[in-house]
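Chemist: Next come the chains, spelled out residue by residue.
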Amino acid sequence: MGILKKALATAAVATALMVNAAAAENVKIAIVVKALGIGFFEAAAKGAEEAAAELGDVEIIYTGPTDTTAEGQIEVVNSLIAQGVNAIAISANDKDALVPTLQKAMERGITVISWDSGVAPEGRQMHLNPSSNALIGNTIIKLAADNMPDGGEVAILSASATATNQNIWIEEAKKVLPNYPGITLVDVVYGDDLADKSYREAQGLIAKYPNLKAIIAPTTVGILAASQAVADAGLIGKVNVTGLGLPSEMAGAVESGATVSFAIWNPIDLGYAATMISYNLIKGNATAAPDAEISMGRMGSVKLDAMNEGAMSDPFTYDASNIADFKSIF
Amino acid sequence: MNIFKHREALLALAILASLGLIASRFPAFIQPASLANVINDSAPLMILGIGQVIVILTKCIDLSVAANLALTGMIAALMNGAGVPLPLILAAVVVIGAALGAVNGVLVWKVGIPSIVVTLGTMTIYRGIIFLLTDGKWVNAHEMTDGFKALPRLAILGLPVMSWVAVVLIAVFALVLTRTALGRAFYAVGGNPHAAVYAGLNVGRTQFWAFVISGALAGVTGYLWVARYAVAYVDIAGGFELDVVAACVIGGIAIAGGAGTIWGAVLGALFLGVIKNALPVVDISPFWQMAISGSAIILAVAFNTAKSRPKGRLILREATE
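So the protein sequences, as listed, match chains A and B. Start counting the first sequence at 1; every next residue gets the next number (the working numbering). Start counting the second sequence at 1; every next residue gets the next number (the working numbering).
Calculated directly from the structure, the hints in this document are not laboratory data. Because the structure is a prediction, the values reported are computed rather than measured. Be careful, since some hints might not be right.
[Stated by the list, open to error] Chain A stretches covered by chain B per the calculated footprint, using a threshold of three residues with CB under 8 Å from any CB of chain B: (1) 204 to 215; (2) 240 to 254.
[Said to hold, decoys possible] Taking CB as the label site, the calculated pair distances span: (3) B:121 with A:164: 28 to 34 Å; (4) A:164 with B:31: 34 to 40 Å; (5) B:113 with A:66: 33 to 39 Å; (6) B:32 with A:37: 49 to 55 Å; (7) A:68 with B:82: 24 to 30 Å; (8) B:301 with A:164: 30 to 36 Å; (9) A:324 with B:30: 40 to 46 Å; (10) A:178 with B:87: 55 to 61 Å; (11) A:293 with B:155: 56 to 62 Å; (12) B:32 with A:179: 38 to 44 Å; (13) A:324 with B:83: 18 to 24 Å.
For every residue, glycine included, the Cβ atom is placed at its ideal position computed from N, Cα and C.
With the rest of the complex left out, here is chain A (with noise of 0.2 Å):
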């Protein structure tokens, strides 16, 4: 081969690559997140990591700024599109500041997803959601009926009586309830995310219902005054509180017994979930419309709704089993 011989077919194949580049060598994801640093984004890369190893083809770049600013992310975003990244998988600091750098990034035929931390839809192709309503109403009921055996009384100790997340969990909570027989939901009390209010109204459904089995409280502040409160009633074992909280909170409450679990979303599988729907989108396998199914390997597959967002999955369970490799992540 003639020197411009070998020059002109080099050309070409990188003509070819930059066509189509995904072809040719790694599939680049780009997991976005609110700040570098944190443990509920480190654990999601593991997940990010896994996926790749998973799919074999996938190179992780993750990466955010060092403050949780949509300014800082807008400049990471930037320079990914120049990079010539694949996908963005996002999780965003601001939902409307991001949109036009990532309606950018579509022009130029990235896949823009969010998760966790929702874009605006003009923003982005769909955004993953760690669970649903639903799907966290059934759960807080189901934890504590997985401890009762033979049934008995429960009572829902929230945030404030003004709380939309809270109230719409707690419909979603009663309108499963018969699906548990033997449960009956005596009280829903408000301890307005304050530990010492959380930790009184605990007190007083201990006082009130002898009988009660079971808090439930869907609320970080509200499930850890509980945890206490039962502790201090010396009541660990004839109540058992359990709700939505973070490992790295409740693990002393666990240690305890005071709770024997309890519920979040995990961000393992939520990393390991975006990066499958990025490379699924990627690939073509699937597209990003209303009532369109993703599928993201392990994690089953996600439904879009008329919004282009999917729920993940039921919020992950912790345990005494789990929750020593958990409470130092998030």
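The hints should help you fit chain B onto chain A, whose structure is shown.
Modeler: For chain B alone, coordinates are given in the frame of chain A:
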């Protein structure tokens, strides 16, 4: 009895009446264990109330007590995490709390800023410092040693240490206020600052000491609070400063200064404690709970004003200002 002037006796009656009312709906509330629980739960409010009474007596107000509590509590939790022994932590919270109070005091005394402005400022600054110390992270139960958490719960003669701390502090400061020169100076400075100056009292310095005492008490409460609820984060005791002021107002402490007793604040704290602990057990909608707490406060203040009106002191005070 001389200590219980008319007003305190009436407030005590009001507490008994509400206990009766609550018992008619939920009899278990007036069992000894339950009442001990109410006292214990009101202990932080009582301790902070003592400090607030002293500050209010000197014509000032301390809105930074809850933030001070949160900051010293967080420092206590962090010290505990670093392996500092408990006695040292206890000494530290008092000193740090007093120092934080002294900041308020100096600004009021030397710079001459009105106390409500000073303490509104330090209130946010102190909470901000917690954020800087921790990046907003929580210190949780499993990160505290058992000894650290156990002390406020340790029961002596049926009452936990937390209640005993309140009892001892009430007794000490009741003596200080009635039997010491500094105690009487608090009354004199608030009752008539000009006369106090002529009597040789330094108004600013007296106010400074009031803030130092209030801060030190907030420091003690900071440890007790964090150890009892076994959690420390930026927002603990959020809004609690208003409860403290409310306890004082209900207890008949004159917001204009110079009049009121420790016992008033203690009973005011107990009154709020009874209501707060009763509301969860008597089936009242959460939307009504806030309204009920608020109405109780306004009723108490209305009663207070009505009682102090005929004295004609108001005119005199306006003439001096």
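Chemist: Out of the numbered hints, which ones does the structure contradict?
Modeler: Violated hints: none; all satisfied.
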